[in-house]
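> Chain by chain, the residues run as shown.
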Amino acid sequence: MPLHTLHNPLHDALQRVSNATTVGELSRLHREAFAPASYASSGVPAGLTPLINQLHDRLIIQTIRCCLAEMKAAGMGDPPVPYAFLLFGSGGRREQSLASDQDNGMVYRLPPEASQREQEEIAAYFRRFGQLVVTKLSEVGYPPCQGNVLASNSRWNRSLQDWDTMFREWNETPTWENIRYLLVTGDGRLLLGDDQLFARWKADYHQLLADNPPLIARCVSNTLRHRVPLGLFGRIITEVNGKFRGGIHLKNGLYLPYVNCVRLWSLANGITATGTLERIDAIRSMHLWEEELCETVQRHFHRIADLRLLAATQWQDDLYESSSYLQLAKLPRETIGMVRQAMKVALYLQKITSRYEGDR
Amino acid sequence: MEPTLSQVASAVDATWVMVAAVLVIFMQAGFALLEAGSTRMKNAGHVAGKTILTFGICSLAFWALGFGFTFGTGNSFIGLSGFFFDGSEEQAAAAFQSLSYASIPAGIKFLFQLGFAGVSLAIAWGGFAERAKLSVYFVFGVLFTVLIYPVVGHWVWGGGWLGSLGMQDFAGSTVVHLQGAVAALAATILLKPRIGKYNRDGSSNLIPGHNQVYTVLGVIILWVGWFGFNAGSTLGSVSGFFGYVALTTNLAAAAGAVAALAISWIVMGKADIPSMLNGVLAALVAITASCAFVEPWAAVVIGAVAGIVTFYTAILFDRLGIDDPVYAFSVHGIAGIWGTLSTGLFATPELVEKVGIGAPGLFYGGGFHQLGVQALGLAGALVYVFAVSYGLLAIMKATMGLRVTEEEEVVGLDLSEHGTYGYPELLHHDSKVHREGGSASAYSAQSLT
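Chains as they are written, first to last, in my numbering: chain A, 1 to 360; chain B, 1 to 449.
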């Protein structure tokens with residue numbers, strides 16, 4: 001099938017999404033554009049990730065607009081203060097695959113003169129707004145994040161002052177869980193809302209890291225927690241049992257090791273980009289890595305992004321869990337060789353990243 | 001009257017074999033823990049409890065008929081004397097010529113051999129786990145102890161045709177382990193996989209055991225029990241040979257543990273505890289035939305190979321659609337085959353002379369003769385045990401049925417067969433959560449945050 005016809009479901013949906021005014025319509029668009037079955041017969045063309053993410057963004061934005069209208073219709077009015085709707089995880093990095101869950105949050109600005117009661121009313125508005133968005137996004141086709149990084153969770157939906165307080169707490173008590181939150185926040189991206197507020201939020205976050213260098217060392221063990229399934233003599237370790245037998249967990253075994261290592265180098269060096277490829281561009285311009293390494297990592301990362309789309313179409317069961325597994329037996333020999341090379345690079349990245357741990 | 005030196009020697013021998021018999025019978029505790037730990041919580045009381053029931057059944061049936069069929073004087077196919085053994089030396093002298101070489105009391109001989117029959121039966125139950133009806137344990141327990149185990153036992157140890165050919169099976173890789181394993185295989189084929197084991201596309205799901213610590217404890221008990229099993233099979237202690245047998249036994253088990261853990265780590269990327277435990281047992285099964293015939297280095301090789309081969313065959317049988325919940329056929333069958341063949345490879349001339357059975361192995365200039373005898377014995381045992389087990393179980397399946405109903409299997413055998421849970425508080429709590437509807441999902445959502 002020629003490339004342009006395969007792009008059609010995405011292009012069509014992109015054009016139609018702005019006219020969709022109900023969650024039902026958005027859900028249908030989501031299903032039509034991202035159903036693995038649409039790609040099963042001919043495979044997913046290379047380099048589709050940016051287009052897919054453009055559509056995800058628009059679908060989520062349109063869903064939020066529906067929620068704003070619903071809030072208004074319910075007598076809650078418009079948002080009382082400036083706010084920013086944030087995407088974390090793969091959404092924050094613009095790296096969502098066909099199937100994607102939701103990782104999101106919000107920040108809003110409390111007026112300095114607001115009374116206690118006014119502050120509570122504002123918080124109540126955004127709490128309800130966050131819950132509504134998470135519910136509606138689930139209906140559209142984005143299952144809630146298992147780790148509860150959601151706008152319905154008060155941890156991820158709070159005023160700028162409260163975010164700053166939380167940043168300080170993470171620094172003062174860098175438990176494993178707090179470090180996880182810190183790293184999740186590092187991928188935060190503005191999807192909708194006040195860009196000045198977002199810039200301030202982001203600057204506060206990076207200032208925290210810049211002022212507290214030991215925090216980066218604390219992030220290393222979390223960053224390296226995924227094991228690359230490459231065994232003795234370069235043998236790829238596949239699942240032995242179960243439905244995914246013969247497959248690898250592409251997300252944990254290959255994709256996330258790249259994402260996590262690149263993120264740590266970026267956060268350690270004040271790089272504010274959230275996409276992995278953009279982060280590597282910044283790493284290159286700061287001469288943190290050799291040019292050749294940057295080029296190699298980016299080349300592999302492009303292929304991994306394509307493999308993630310392929311993985312989503314292999315299992316034909318529409319389960320979110322399945323999209324993380326890549327069935328190797330169905331792939332040509334060169335592709336398996338590429339996976340092996342990419343794993344070696346991942347192990348190398350983990351090795352150079354472990355330096356940040358210092359002498360703890 | 002002062003005891004004579006030979007009486008004292010005989011008493012020392014008898015004491016050791018009595019201790020060995022107790023060790024072998026204590027292996028039932030190992031099987032109870034191993035099997036219960038390897039299966040699910042809802043079946044735990046049943047799986048462990050039936051071990052006691054079936055050892056009881058086995059004891060009665062072996063006393064009445066099994067012992068006579070196995071060791072009684074008869075023809076080269078089966079023993080035909082010594083039924084309803086009265087424990088007297090007179091009956092023993094008249095009926096059990098095959099056991100006359102050991103100068104220990106007949107009651108101890110019986111107890112020791114009963115322990116072996118009990119182990120073989122306990123192995124067979126592995127193939128029935130988590131889905132067979134309780135009544136099946138009564139009926140097949142008797143049939144196995146009377147019609148299956150004694151026949152091959154007689155062939156090798158009771159004066160039968162394999163013993164005459166010089167088949168080397170010192171403590172029973174074939175007689176005890178392979179027989180139990182083949183019966184387990186026949187059962188697991190006839191019973192069909194447990195609910196939820198296989199997906200529609202044929203891929204299998206791992207059904208993890210509910211308590212790995214039980215499984216580990218079970219294996220430690222079996223490992224220690226094996227000193228009775230193998231070293232006790234010298235049927236004496238005065239010569240000191242039992243120490244050597246214990247040495248090779250321990251080395252093989254150790255090699256099996258290390259090799260199996262290593263291979264699971266290499267293949268799966270995770271050092272898998274159940275695979276290591278299977279490796280220990282497989283190594284012990286393999287060294288059972290050869291423990292008295294091979295040098296220590298060979299014991300290490302035999303144990304390590306058993307540990308590695310079993311790891312792969314466990315995966316293989318799973319993929320072939322054979323749901324063997326505690327890997328009975330891999331651990332006791334495949335390793336039983338390997339162990340029985342291993343003595344045809346590694347048996348040394350000196351040890352063969354000392355034990356007085358068969359000929360040296362291929363690697364010690366013995367040529368293919370002993371290996372051929374071992375292979376023939378295996379083939380005979382495999383064909384007989386599989387045909388008879390499958391036949392008997394098929395008849396049982398057609399008449400009384402083998403498997404509990406779907407509902408009984410889902411609710412668990414503790415409740416369906418015995419009326420009470422092995423873990424009452426835990427499972428009642430769980431069922432309450434489900435009954436209250438909706439709170440089950442709330443519970444899981446909570447556990448994620």
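Read the hints as simulated data drawn from the structure, not as lab findings.
Since we're looking at a predicted model, the values are computed, not measured.
Heads up, a few of these hints could be off.
Stated by the list, open to error - Listed next, the stretches of chain B that the computed footprint assigns to chain A, with coverage defined by at least 3 CB atoms under 8 Å from CB atoms of chain A:
1. 197 to 206
2. 266 to 276
Stated by the list, open to error - Here are the simulated distance ranges between beta carbons:
3. B:L316 / A:Q146: 29 to 39 Å
4. A:A217 / B:I266: 30 to 40 Å
5. A:T272 / B:G202: 41 to 51 Å
6. B:R319 / A:R16: 25 to 35 Å
7. A:R155 / B:L320: 44 to 54 Å
8. B:M400 / A:G242: 28 to 38 Å
Unchecked claim - List time: in silico DSS-like cross-link candidates among lysine-lysine, alpha-carbon distance up to 25 Å:
9. A:K243 / B:K197
10. A:K251 / B:K270
11. A:K243 / B:K270
Just so you know, even glycine gets a beta-carbon here, dropped at the ideal spot from N, CA and C.
> Go through the numbered hints given earlier and state which of them the structure violates, listing their numbers in rising order.
When the structure is compared with the hints, only number 6 turns out to be violated.
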